[in-house]
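Chains as they are written, first to last, in our numbering: chain X, 664 to 1004; chain P, 43 to 360.
These aren't lab readings, by the way, just hints derived from the structure by calculation. These numbers come from a predicted model, not from an experiment. One or more of the hints may lead you astray.
[What the hints assert, rightly or not] Derived SDA-like pairs (lysine to any residue); straight-line CA-CA distance at most 20 Å:
no.: 1; chain 1: P; residue 1: K347; chain 2: X; residue 2: N719
no.: 2; chain 1: P; residue 1: K347; chain 2: X; residue 2: R764
no.: 3; chain 1: P; residue 1: K184; chain 2: X; residue 2: S734
no.: 4; chain 1: P; residue 1: K184; chain 2: X; residue 2: T797
no.: 5; chain 1: P; residue 1: K184; chain 2: X; residue 2: K791
no.: 6; chain 1: P; residue 1: K184; chain 2: X; residue 2: N719
no.: 7; chain 1: P; residue 1: K184; chain 2: X; residue 2: S988
no.: 8; chain 1: P; residue 1: K99; chain 2: P; residue 2: A84
no.: 9; chain 1: X; residue 1: K791; chain 2: X; residue 2: G801
no.: 10; chain 1: P; residue 1: K184; chain 2: X; residue 2: R764
no.: 11; chain 1: P; residue 1: K184; chain 2: X; residue 2: S717
no.: 12; chain 1: P; residue 1: K347; chain 2: X; residue 2: H930
no.: 13; chain 1: X; residue 1: K832; chain 2: X; residue 2: W950
no.: 14; chain 1: X; residue 1: K832; chain 2: X; residue 2: S816
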Amino acid sequence: MAEVRLESVTKRFGDVVAVDGIDLTVADGEFVVLLGPTGAGKTTTLRLIAGLESPNVGRVFLNGRDAARLSPAERDVAFVFQQYSLYPHLSVFENLAFPLRSPARRLDEATIKATVERVAAMLRIEQKLQNRATRLSGGEMQRVAIGRALVRSPSIYLMDEPLSSLDAKLRSDMRLELQHIQRDLGATMLYVTHDQIEAMTMATRIGVLDRGRLVQIGTPREIYESPRNIYVATRLGMPSINLLPTEALAGLPLPPGVTTVGARTEHVVVERESGGQSGQVAARVEWIEHLGDQNHLHLALGEHRLVTLVNPDMRLAVGDELGLSLRSPLYFDAAGERIAA
Amino acid sequence: MSGASTTAHSVVEPSGTSKRIAGFLVILYAVVSMIPLAWIFATGWKTPPDSISYPPKVVFEPSLEGYCNLFTTRTRQTAAYIEELGPPQGECDEVTRRREMVIAGSSNYVPRFINSLVIAFGSTFLAVSLGVFSAYAFSRFKIPLADDLLFFILSTRMMPPIAVAIPIYLMYRELGLSDSALGMILLYTAVNVSLAVWLLKGFIDEIPREYEEAAMIDGYTRLHAFFKVVLPQAATGIAATAIFCMIFAWNEYAFAVLLTSGQAQTAPPFIPTIIGEGGMDWPAVGAGTTLFLIPIVVFTVLLRKHLLRGITFGAVRK
């Protein structure tokens, strides 16, 4: 296991800047998740570390060593591709053994067998070892793909949305498994996703990417509670953060310079008695979605909309007039940067 | 299941009638294309008089004469001389003596057949190997002017190869490649390699790059990854390409006539030169052609299972 460091790395494909001056250090044993929408440069970052792409500017250090001249094989990284990339002509066993049979390693057959069986047991695919890789369910393929990384002890595991193709149930199972595995192996991981739940639950630190730039990096709590700007704030939170212009909140005390208020569900307080009171704005119930344990409440503040969660006990109906107040919400200036309250 | 008693087939499946019509058309086509082959096969088992009788004989008494004549050369002898020879040695001796001839030696059919095998397999192997490497390069690397190069490669097939027969004939004479197996292998390779590059590029394009990338991260060099990952998955394409190259090289006639006459002559120009008593020895030609078909049929049947697409697809989520 080892440390990976990117120093102002930039990668362009023609006119497109995929990765724009990223500085990032993944410490030994850390689980860093890169979060961002499609095209934010997440995958390219992984490929730069793996040596599948070389940066136009900047340097990649593996274990303190400049990796510029190292081929992918020499970098000692393991990569789980978004497409599982299992070799269809090989059995599951051979797929898992493939990295161990490489000319760079040349392990003896007994070691290979033992390693593959250990990893297969860890991923609970030991009864599928003789199957062809194509004769597996999506979840099993995904386990094999992850297993192919786990048979080695590389300096870093790079995972590119490995759970994106699984159904919700399997995904949450695998999420837990990956966390256990990472903890048990003490592995260094750089994990790419656009799923905020994966990021929140697994990461030691989350790095938020926007159009190739690393906007903010920090613990899940930091990213959630103190986002640097509106973009980061909208990455996390379910339902997503409500962005309200100050004019919609006339009557509420706001710090100077604020143009947008970001209100997450936990910042929003609704009360039955409508308006009039100081520190409250009038809101009307537009729609209610019943989720069972909670209700999604769609509110109208004049011409603005707001979504929050409420306890079903509140027994609200469409058209009800409510009084709304905010409890330490996030404030943003005209450029979208956050202003400390 | 409810409704199991009603019709079972789905809307996308053709109805029984259209299946029967399709089946009938396929069988009709197969029969029509098989007639010449069947006739050649039958001719091989006829006697020379039966083979040229009019109206043509469909029912006849099979004879080994065609096969005997194919493998032997014979000389005419007097009845008295044949009498002195004692009892005939085997079937072929007997049918030959019935025509007042004796077997003088073996014909050139076997060496010509071997030439065909060497040249066809050699050129197929070369064309497919060169093709798969170039196709991989075109598919994976940024090659300057790649499209123009590919067009240039294909353009060698835009005229019939025989159009350049005279220059090739002159070049080969100067280079000492005339009537040599090496010359024929190079020639057929040159003709087939463009087909091989284009066909194989299509197949290799379909193999996701992630496979090689995964292998390269796992400690393999690009060359290793090529052999371990790309080649096995290109098996379908390689088999298809090999069959096409093989069929061309095996059946090629015009260059073979022009460039080979002795040592390196292949079977196609040799078979029609089998002349018997008073004209073409049709049963021997029929026998030679029948035997000539066997290797290509075996080759195609052996590779046929690789032609079934789909076995290699599905492990990469698109």
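Hints, verified against the model:
1. For the suggested pair K347 (chain P) and N719 (chain X), the alpha carbons sit about 47 Å apart, so the restraint of at most 20 Å is broken.
2. Distance restraint check for K347 (chain P) and R764 (chain X): the Cα-Cα separation of roughly 29 Å exceeds the 20 Å cut-off, and the hinted pair is therefore not satisfied.
3. Distance hint between K184 (chain P) and S734 (chain X) is fulfilled; the C-alpha atoms sit about 18 Å from each other, no more than 20 Å.
4. A threshold of 20 Å between alpha carbons decides the hint, and for K184 (chain P) with T797 (chain X) the separation of about 31 Å lies outside it, so the pair is violated.
5. Taking the CA atoms of K184 (chain P) and K791 (chain X), the gap is near 39 Å; set against the 20 Å cutoff, the hint is violated.
6. Straight-line distance between C-alpha atoms of K184 (chain P) and N719 (chain X) comes to about 17 Å, which keeps the hinted pair within the 20 Å bound.
7. Between K184 (chain P) and S988 (chain X) the CA atoms are separated by roughly 60 Å; this puts the pair beyond 20 Å, and the hint is violated.
8. For the suggested pair K99 (chain P) and A84 (chain P), the alpha carbons sit about 10 Å apart, so the restraint of at most 20 Å is met.
9. Proximity of K791 (chain X) to G801 (chain X) is assessed by CA-CA distance (about 13 Å); at most 20 Å being required, the pair is judged to hold.
10. Taken as a hint, the K184 (chain P) and R764 (chain X) pair is broken in the structure, with Cα atoms around 30 Å apart against an allowance of 20 Å.
11. At most 20 Å may separate the alpha-carbon atoms for a hinted pair to count; K184 (chain P) and S717 (chain X) meet this at roughly 15 Å.
12. Restraint check: the Cα-Cα separation between K347 (chain P) and H930 (chain X) comes to about 65 Å, which exceeds 20 Å; the hinted pair is violated.
13. For the hint pairing K832 (chain X) with W950 (chain X), the CA-to-CA distance comes to about 29 Å; that exceeds 20 Å, so the pair is violated.
14. Only pairs whose Cα atoms come within 20 Å are accepted, and K832 (chain X) paired with S816 (chain X) is rejected, the gap being roughly 29 Å.
The structure fails to meet hints 1, 2, 4, 5, 7, 10, 12, 13, 14 from the earlier list, while all remaining hints are met.
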